[in-house]
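Here is what each chain is made of, one letter per residue.
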Amino acid sequence: MITFTIDGREVRAPENAMLVDAAKHGDVEIPVFCYEPKLGNPVGACRMCLVEIEGIPKLQTGCSTPAKDGMVVHTQSERARVAQQAVVEFLLINHPLDCPVCDKGGECPLQDITFGWGAGTSRFIEPKRHFVKPLALSERIAIDRERCILCYRCVRFSQEISEDNQLVLVERGAHSYVATFDGHPYEATFTGNIIELCPVGALTSRPYRFRARPWDIEDAGSVCTLCPSQCNVTLTVRDERVIRVLARDNGEVDDGWLCDRGRFAYPALGGLPATAAALADAPAAAENGAGRITEPMIRDGGQLRVVSWERAMTEAVAGLRRAGERVGAIAGGQATNEEGLLLARLMREGAGSPHVDSRAAGTLELELHLALNEPRLQARVSDLEFAHAVLVLEGDPIRDAPILDLRLRKGVRRHGMKLIRATREELLAGPRELADKLAGAGEEIVVLWAERLTAGPDGSRAAAALLELADALSLGDVEGAGLLEIPAHTNGRGLREAGVLPNAGPGLSDPAATGDASPTGRDAAGIAEELAAGELTGLYLLQSDPLLEPADREVWERALERAATVVAHASFLTEGIREHADVVFPSEAYAEKEGTITHPDGRLQRLRPAVAHPGSIRAEWSVIVELASRLGLDLEVLTGAMASAQLFESVPFYAGLTLEEIGGKGVRWQEREAAGAYPTREQLV
Amino acid sequence: MPGAAPETSPEASAVKVSLWDPGEDVVQVQRAPAPGALRSAWRAFRETARGLRTTFGRIAEGPVTMEYPEEKVPVYPRFRGRHKLHRFEDTGLEKCVGCSLCAAACPADCIRVVAAENTPENRVSPGERYAAVYEINLSRCIFCGYCEVACPFDAITMGHEYELSSYDRSDLIFTKEMLLAEPLERAPLRNEGE
Numbered sequence: 001m002i003t004f005t006i007d008g009r010e011v012r013a014p015e016n017a018m019l020v021d022a023a024k025h026g027d028v029e030i031p032v033f034c035y036e037p038k039l040g041n042p043v044g045a046c047r048m049c050l051v052e053i054e055g056i057p058k059l060q061t062g063c064s065t066p067a068k069d070g071m072v073v074h075t076q077s078e079r080a081r082v083a084q085q086a087v088v089e090f091l092l093i094n095h096p097l098d099c100p101v102c103d104k105g106g107e108c109p110l111q112d113i114t115f116g117w118g119a120g121t122s123r124f125i126e127p128k129r130h131f132v133k134p135l136a137l138s139e140r141i142a143i144d145r146e147r148c149i150l151c152y153r154c155v156r157f158s159q160e161i162s163e164d165n166q167l168v169l170v171e172r173g174a175h176s177y178v179a180t181f182d183g184h185p186y187e188a189t190f191t192g193n194i195i196e197l198c199p200v201g202a203l204t205s206r207p208y209r210f211r212a213r214p215w216d217i218e219d220a221g222s223v224c225t226l227c228p229s230q231c232n233v234t235l236t237v238r239d240e241r242v243i244r245v246l247a248r249d250n251g252e253v254d255d256g257w258l259c260d261r262g263r264f265a266y267p268a269l270g271g272l273p274a275t276a277a278a279l280a281d282a283p284a285a286a287e288n289g290a291g292r293i294t295e296p297m298i299r300d301g302g303q304l305r306v307v308s309w310e311r312a313m314t315e316a317v318a319g320l321r322r323a324g325e326r327v328g329a330i331a332g333g334q335a336t337n338e339e340g341l342l343l344a345r346l347m348r349e350g351a352g353s354p355h356v357d358s359r360a361a362g363t364l365e366l367e368l369h370l371a372l373n374e375p376r377l378q379a380r381v382s383d384l385e386f387a388h389a390v391l392v393l394e395g396d397p398i399r400d401a402p403i404l405d406l407r408l409r410k411g412v413r414r415h416g417m418k419l420i421r422a423t424r425e426e427l428l429a430g431p432r433e434l435a436d437k438l439a440g441a442g443e444e445i446v447v448l449w450a451e452r453l454t455a456g457p458d459g460s461r462a463a464a465a466l467l468e469l470a471d472a473l474s475l476g477d478v479e480g481a482g483l484l485e486i487p488a489h490t491n492g493r494g495l496r497e498a499g500v501l502p503n504a505g506p507g508l509s510d511p512a513a514t515g516d517a518s519p520t521g522r523d524a525a526g527i528a529e530e531l532a533a534g535e536l537t538g539l540y541l542l543q544s545d546p547l548l549e550p551a552d553r554e555v556w557e558r559a560l561e562r563a564a565t566v567v568a569h570a571s572f573l574t575e576g577i578r579e580h581a582d583v584v585f586p587s588e589a590y591a592e593k594e595g596t597i598t599h600p601d602g603r604l605q606r607l608r609p610a611v612a613h614p615g616s617i618r619a620e621w622s623v624i625v626e627l628a629s630r631l632g633l634d635l636e637v638l639t640g641a642m643a644s645a646q647l648f649e650s651v652p653f654y655a656g657l658t659l660e661e662i663g664g665k666g667v668r669w670q671e672r673e674a675a676g677a678y679p680t681r682e683q684l685v
Numbered sequence: 001m002p003g004a005a006p007e008t009s010p011e012a013s014a015v016k017v018s019l020w021d022p023g024e025d026v027v028q029v030q031r032a033p034a035p036g037a038l039r040s041a042w043r044a045f046r047e048t049a050r051g052l053r054t055t056f057g058r059i060a061e062g063p064v065t066m067e068y069p070e071e072k073v074p075v076y077p078r079f080r081g082r083h084k085l086h087r088f089e090d091t092g093l094e095k096c097v098g099c100s101l102c103a104a105a106c107p108a109d110c111i112r113v114v115a116a117e118n119t120p121e122n123r124v125s126p127g128e129r130y131a132a133v134y135e136i137n138l139s140r141c142i143f144c145g146y147c148e149v150a151c152p153f154d155a156i157t158m159g160h161e162y163e164l165s166s167y168d169r170s171d172l173i174f175t176k177e178m179l180l181a182e183p184l185e186r187a188p189l190r191n192e193g194e
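So the sequence lines, in the order shown, correspond to chains A and B.
Be aware that the first sequence starts at 1, since it is given in our numbering, and climbs by one per residue.
Be aware that the second sequence starts at 1, since it is given in our numbering, and climbs by one per residue.
It is worth saying that the hints were derived from the structure and are not from the lab.
Warning: the hint list may mix true and false statements.
In silico SDA-like cross-links for lysine to any residue, where the CA-CA straight-line distance does not exceed 20 angstroms [as the list claims (entries may be wrong)]:
#1 Lys72/B / Glu161/B
#2 Lys176/B / Thr157/B
#3 Lys95/B / Pro96/A
#4 Lys133/A / Arg123/B
#5 Lys133/A / Glu128/B
#6 Lys95/B / Asn122/B
#7 Lys128/A / Asn122/B
#8 Lys133/A / Pro126/B
#9 Lys133/A / Val124/B
#10 Lys418/A / Glu444/A
#11 Lys133/A / Asn122/B
#12 Lys176/B / Asp216/A
#13 Lys133/A / Glu121/B
Based on the provided sequences and hints, a complete structural model is requested.
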């Protein structure tokens with residue numbers, strides 16, 4: 001820590017912090033446009049942060065001058081003020097000042113800074129620079145070059161963060177503009193982030209175009225459940241519709257970025273259709289959220305027909321009664337921990353069937369599950385950045401969990417992390433050899449492995465090999481090293497820990513150990529086989545459509561054909577639901593859900609309802625609870641919070657958690673005291 | 001009696017167990033003794049005569065009341081009545097670009113704007129955007145005129161119309177078409193110096 005003086009205040013700040021950041025320790029704000037710590041080193045492009053430093057003859061940029069001990073800085077002196085006003089006047093020379101029609105108006109740093117640091121007048125009377133506007137930079141982003149103040153943020157993002165190298169500044173001086181080469185659309189995985197980075201309205205979202213102004217909307221924090229990265233998001237809500245998704249900075253999860261899928265997929269969640277043209281074409285579809293199921297349905301004469309909840313419930317209960325113990329259940333990856341727990345209880349206690357699964361890749365032996373998820377072996381997401389080396393095993397982060405791709409790039413670019421890839425074959429051929437190859441890279445090694453590594457018939461062998469590799473690298477003993485699994489589905493880890501496994505109860509407990517000598521259930525593939533063979537007659541699908549899974553499509557087709565009763569919770573009429581479900585309960589989208597999900601690194605995160613349920617949709621947990629009560633089982637859940645409390649009670653290593661403790665940033669259970677309750681391998685033997 | 005506990009007899013408290021005892025809060029109203037018949041008649045006559053004196057004293061001035069529904073009070077030019085939305089006279093395009101600043105300025109929160117984008121086929125306003133929905137809930141409006149002040153394009157102004165009563169609340173939600181339509185100028189304007 002150093003002490004320096006800014007505007008006559010003695011301020012203590014970390015040494016070498018840039019003046020802009022250091023000034024905040026003394027509650028002094030230095031205006032900036034181009035400075036953004038997330039983008040790496042400062043560039044000093046916008047000159048907005050000019051400050052006067054005693055002993056230095058010229059004004060200095062606050063964003064790129066480190067604070068030093070004893071420095072005396074003025075941000076309000078006559079010279080500094082004249083410079084600030086001049087910069088604002090200069091930036092506004094070519095800015096069109098069409099704030100009333102600009103989507104950024106009201107949340108625009110240029111507006112704020114002009115108001116706070118500008119002179120309020122301009123001497124410029126000449127014609128402004130003109131471009132054709134608005135142009136489509138891509139399907140999802142509109143670019144307005146007149147509004148651009150050439151701060152370089154978007155270009156830096158493209159060059160240094162997502163490293164797609166598509167955005168460049170062409171021409172020079174006042175004629176410069178942001179473009180892709182030869183006018184190609186800007187297509188990559190993380191393009192939407194430049195909309196949020198832009199400090200003016202030059203880059204705006206096309207789906208959000210003219211939807212609302214900042215005072216028309218409400219923000220709701222939640223977690224995106226479209227992939228296992230579980231990025232934190234802020235949902236923009238107007239008139240009970242999600243109309244925009246923004247990143248919510250959580251350094252331990254997403255580092256403040258969001259992929260395009262998370263950012264632009266919201267129309268499919270029952271928000272607005274993607275374009276205004278679609279709105280004009282299909283007002284009815286827009287009203288119903290474009291194909292979303294909002295009413296319960298039953299199969300009647302081969303066709304699904306909308307019915308009342310009462311009728312659908314009666315039908316489902318009758319079907320489940322007929323199937324009795326011969327029923328299997330599969331939870332899809334977007335189900336919350338609470339839904340998983342209640343589903344497993346409905347099956348095990350209500351129907352008396354142990355056939356519950358959430359893993360697409362097939363089930364490992366409980367012992368291997370326990371070993372792979374051991375708390376001391378688990379790496380955090382931020383470890384990916386600071387590790388000496390990261391081994392990516394059989395995964396493709398940009399497809400499976402896109403946001404981790406940015407983290408890996410950051411590690412390589414800024415911290416010299418070594419990135420190594422290996423396939424399942426290499427692992428199976430010799431984990432020790434692989435360990436030897438890695439050993440030279442350093443001590444802190446993170447192994448990022450995808451769930452499909454352990455799929456298939458020799459999945460157990462791969463899991464054992466992975467454990468051997470971890471052992472050889474002593475990942476469990478090094479701080480900042482460990483394993484990080486990318487599950488096949490969003491909440492794969494949480495559903496497992498909540499006991500949605502055929503061979504484990506809540507908290508990966510051994511079902512045999514709890515006293516009821518229930519036989520071990522069959523996994524997803526087993527359920528399909530038994531359904532096809534007629535051994536099982538009922539199937540309960542919680543937000544899951546087996547026909548969409550890559551594995552075993554033929555078996556599943558036969559299984560669904562043969563099944564007497566298929567009860568499904570679904571948001572969309574996908575093939576399996578449309579052709580085979582007998583009862584369909586309309587299911588919530590993540591913006592409507594209440595509950596918790598578990599991040600692949602063990603961080604429990606909270607979903608909060610941002611919008612009301614469209615149509616007559618009900619909360620998933622309440623549907624399961626009502627079904628159970630009609631089957632004669634009281635699950636003792638009356639509210640969403642009671643379901644969460646039951647989860648924290650049932651899973652020993654979640655013990656003592658509360659929704660308040662999870663809060664907006666989540667809590668890693670491995671870092672809590674209750675992690676000591678994790679069942680060890682010794683306990684099993 | 002500040003500080004002193006009110007004395008209550010044991011019998012009284014036994015009777016009114018659940019009733020609130022007003023204690024000393026009761027105010028005794030003292031009325032004048034009722035007047036006799038003769039005095040009352042004189043008083044009624046005297047007061048009537050006093051009133052009629054004013055009436056006959058001003059009778060030469062003529063009547064100042066107005067037969068309201070048939071005759072209307074003229075309004076001042078800056079009177080703030082029902083809002084009007086405007087079009088450009090030359091092109092016929094709407095002046096409103098749907099910027100929602102009026103909705104932001106409105107202290108009664110009675111304006112709702114939903115914007116949409118102009119296309120070459122469907123050009124409603126000169127800018128990039130226009131108001132697809134523009135509603136003012138006049139049952140909530142306080143006629144402060146802040147919307148007029150906030151409007152960067154002089155698209156909304158306060159008119160002179162003040163006869164807004166309706167049999168139905170929902171009729172008081174004025175849509176864009178209603179606000180754009182040339183209103184019946186029922187209220188006469190006060191002339192200069194009048």
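Each hint, compared with the structure:
With a C-alpha separation of about 11 angstroms, the suggested pair lysine 72/B and glutamate 161/B falls inside the 20 angstroms cut-off, and the hint holds. Using a Cα cut-off of 20 angstroms, the hinted pair lysine 176/B and threonine 157/B holds, with the two alpha carbons roughly 13 angstroms apart. Restraint check: the Cα-Cα separation between lysine 95/B and proline 96/A comes to about 19 angstroms, which is no more than 20 angstroms; the hinted pair holds. For the given pair, lysine 133/A sits about 16 angstroms from arginine 123/B by alpha-carbon distance, which is consistent with the 20 angstroms threshold.
A hinted pair counts as satisfied when its Cα atoms are at most 20 angstroms apart, and lysine 133/A with glutamate 128/B qualifies at roughly 9 angstroms. For the hint pairing lysine 95/B with asparagine 122/B, the CA-to-CA distance comes to about 15 angstroms; that is within 20 angstroms, so the pair holds. Using a Cα cut-off of 20 angstroms, the hinted pair lysine 128/A and asparagine 122/B is violated, with the two alpha carbons roughly 28 angstroms apart. Taking the CA atoms of lysine 133/A and proline 126/B, the gap is near 14 angstroms; set against the 20 angstroms cutoff, the hint holds.
Distance restraint check for lysine 133/A and valine 124/B: the Cα-Cα separation of roughly 18 angstroms lies within the 20 angstroms cut-off, and the hinted pair is therefore satisfied. Of the pairs offered as hints, the one joining lysine 418/A and glutamate 444/A holds, with about 11 angstroms between alpha carbons and a cut-off of 20 angstroms not exceeded. Our distance criterion of 20 angstroms between C-alpha atoms is met by lysine 133/A and asparagine 122/B, whose separation comes to about 17 angstroms. For the given pair, lysine 176/B sits about 18 angstroms from aspartate 216/A by alpha-carbon distance, which is consistent with the 20 angstroms threshold.
Taking the CA atoms of lysine 133/A and glutamate 121/B, the gap is near 17 angstroms; set against the 20 angstroms cutoff, the hint holds.
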